[in-house]
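Undergrad: Heads up: the sequence lines are chains G and F, in that order. Taking my numbering, I'd label the letters of the first sequence as residues 1 to 225. Taking my numbering, I'd label the letters of the second sequence as residues 1 to 251.
One or more hints might be untrue.
As the list claims (entries may be wrong) - Okay, the calculated beta carbon distance ranges per label pair: (1) G:Pro73 x F:Val118: 28 to 38 angstroms; (2) G:Pro70 x F:Lys151: 28 to 38 angstroms; (3) F:Pro160 x G:Arg128: 50 to 60 angstroms; (4) G:Pro29 x F:Val118: 19 to 29 angstroms; (5) F:Lys195 x G:Tyr63: 29 to 39 angstroms; (6) G:Leu25 x F:Gly194: 52 to 62 angstroms; (7) F:Gly70 x G:Ala204: 23 to 33 angstroms; (8) F:Leu223 x G:Leu24: 53 to 63 angstroms.
To be verified - Covered stretches of chain F (chain G as the covering partner; in silico rule of three or more C-beta atoms under 8 angstroms from a C-beta of chain G): (9) 111 to 118; (10) 130 to 143.
Hint data in this document are derived by calculation from the structure and do not stem from the laboratory. Using N, Cα and C, we set each Cβ at its ideal position, and we do this for glycine too.
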Amino acid sequence: MDPADLAAVWLTLKLASVVTFLLLLVGTPIAWWLARTRSRQKGAISAIVSLPLILPPTVLGFYLLVAMGPKGPVGQMTEALGLGLLPFTFPGLVIASVFYSLPFMVQPVQNAFEAIGARPLEVAATLRASPWDAFWSIAVPLARPGFLSGAVMSFAHTVGEFGVVLMIGGNIPDKTRVVSVQIFDHVEALEYTQAHGLAGGMLAFSFVVLLTLYTLTPRAGSAPK
Amino acid sequence: MSRSARTLSLLLAGLLLSLSVAAETVQVAVAANFTAPMQQIAADFEKDTGHKVVLSFGATGKFYAQITNGAPFEVFLSADDETPAKLEKELLIAPHSRFTYAIGKLVLWSAQDGYVDVKGEILKTGEFKHLSLANPKTAPYGAAAIEVLKKIGAFERVEPRIVQGENIAQAHQFAATGNAELGFVALSQVYKDGKVTSGSAWVVPTSFYTPIRQDAAVLAKGLHNPAAKALADYLKSDKARAVIKSYGYEL
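Chain F with its partners taken away, still in its complex shape:
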């Protein structure tokens, strides 16, 4: 056996060994607004438990379509509470595994400093060309944004200037690249350790919109995976809750 072949077979053996010894892998579908906190929580979880986490980020409605059509996700962190409830009715989640992991907050945000005033008056008076938000038909943060616009009586005025992102990540991207002067995004996308990280923002009072309860559940596919249950429990731990709160979610 040549040296390179021996190295290769050693490598392969090591790989196989590590696969068999390693802890379980859990595949997770995560609502786009929870991207940043989940990356941190997943890293902590991997370090603390030895399990491995594979994260997919996207729109809740798309995940629903994929899960009902046999997607291999084992834990689902939704952007709302309706979708997990619907999945429960369809027996696609583990019984009694549904819980609220975060309550989302909406913020009107601009990448420019001093552009958005602290009371959001700009919606009633500003001469901006584009206001981005997530698709209200499919994304809870988009629906909440429409609710706020109607509540403060600015909907008719700004409706022609609305541009929709496929999900909240894209709504944020439109505003972050400056293509939309301002946008309704999730506070978690622009917030870290007690303050908005860049640009200017109006943190919308929570009384202006229906609370965005974000529920998670262990999916049917994760029923027999101990890592799925462990991750769901971990999300309820003080350590994870501290991370979740540091991104501006309520609990």
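Only chain G is shown next, with the shape it has when bound in the complex:
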């Protein structure tokens, strides 16, 4: 494999790892809130979290490009904070991917939390466990399959991202040129051999990921009992 392809593979894995880690941090409280709340806002928040499932990536990419640009609200904020502009940077891709893959983390984790129900946590409370303690020693271990499938799906989904990266990435080696963009480049440049190498790799990777997921957690995707 030539160095440019390897660099793209490495960058993609780095992006997916960082995004998955951040999604565990961001997605878990959202999933917890959605699983437990009786708020009227639940429907609206669920809808927002799930938007990336049905929005074309070009829509998300276009809005992110405009919002993070020098005239957009996010861009003006990051510039005021001295961070510069986010498009064409690795942190920019990370933030875009967190939005893009959010439902893939939140939904399985939320399902897992919902399946636990209120009872185990009430029992913990009668044993004088604080809500924080109960969350860590009861809810998280019981929801483990949900976390596993959430993490695997988020990782895989980020690896497969294309449209958003194309819109805000700028195709920069080692920063934003991920595998999917590199494949697209190879196809456009009529380098079909290299394109096949990477595309075949992606196919095998995706299959192995899903196979692992369905073998390890037969109920992945459905609510664990």
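Here the structure of chain G is known, so what remains is to put chain F in place on it, guided by the hints.
TA: Positioned in the frame of chain G, the structure of chain F alone reads:
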């Protein structure tokens, strides 16, 4: 028969009739840099001939891949002269239908007024963060931009700040949204009736890069479509040439 059903059947009959009587439809693949002039030319062509034109815009390399894999395009307006030549060798275009319809010009452009100086000195001295250009591997305007940067000795300096658009339209979009302070774009994208329409620009001297000859051809799929031949001829007409020139192309 109810009234609405009668209306519907009348409508359907009218539709069928119009389909059978209407002139031919021609499906055209157009290099992204030629988007604006082609929209105008296609509208004129439809008005003058009664044929209908369906336009697709995109990167030349992508169109090549699609055409060799059976895409239904009948006329191809490439951003270079190599791709149509290659298609000719592969017998995918009508014999002797290849011709140069425009010679593209490169411009260094910024959406901000007064940002780019008329000599392009900013490339050697400016503190910009991002310079956008089309992917040099696949887009002739991108390759020309790299040539210019090397020619004026600014390539090493600006290389880390280059961001690539998938095609020249995206390179322009990056600069137009201000995400890149400046970018190499096609003059046609920022030029109308003798002047640059907004922002600031350096029209790169044509001696700085290999001429961007843009060739068109009738594709094999359009061989038996009179509208395809008519459109190719129309592109050579004085009327179309005037439009092409008004967007800053040479001929």
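Undergrad: Taking the hints in turn, state whether each one holds.
TA: Evaluation of the provided hints:
1. G:Pro73 x F:Val118: 28 to 38 angstroms: Given about 34 angstroms between the Cβ atoms, the range holds.
2. G:Pro70 x F:Lys151: 28 to 38 angstroms: holds, 30 angstroms
3. F:Pro160 x G:Arg128: 50 to 60 angstroms: holds, 59 angstroms
4. G:Pro29 x F:Val118: 19 to 29 angstroms: violated, 55 angstroms
5. F:Lys195 x G:Tyr63: 29 to 39 angstroms: holds, 32 angstroms
6. G:Leu25 x F:Gly194: 52 to 62 angstroms: Since the Cβ atoms of Leu25 (chain G) and Gly194 (chain F) sit about 56 angstroms apart, the hinted range of 52 to 62 angstroms holds.
7. F:Gly70 x G:Ala204: 23 to 33 angstroms: Between Gly70 (chain F) and Ala204 (chain G), where Cβ atoms are some 27 angstroms apart, the hint holds.
8. F:Leu223 x G:Leu24: 53 to 63 angstroms: holds, 58 angstroms
9. 111 to 118: violated (count 0)
10. 130 to 143: Held - the segment 130 to 143 of chain F has 5 residues with a Cβ nearer than 8 angstroms to chain G, which meets the minimum of three.
Taken one by one, the earlier hints fail for this structure at numbers 4 and 9, listed in ascending order.
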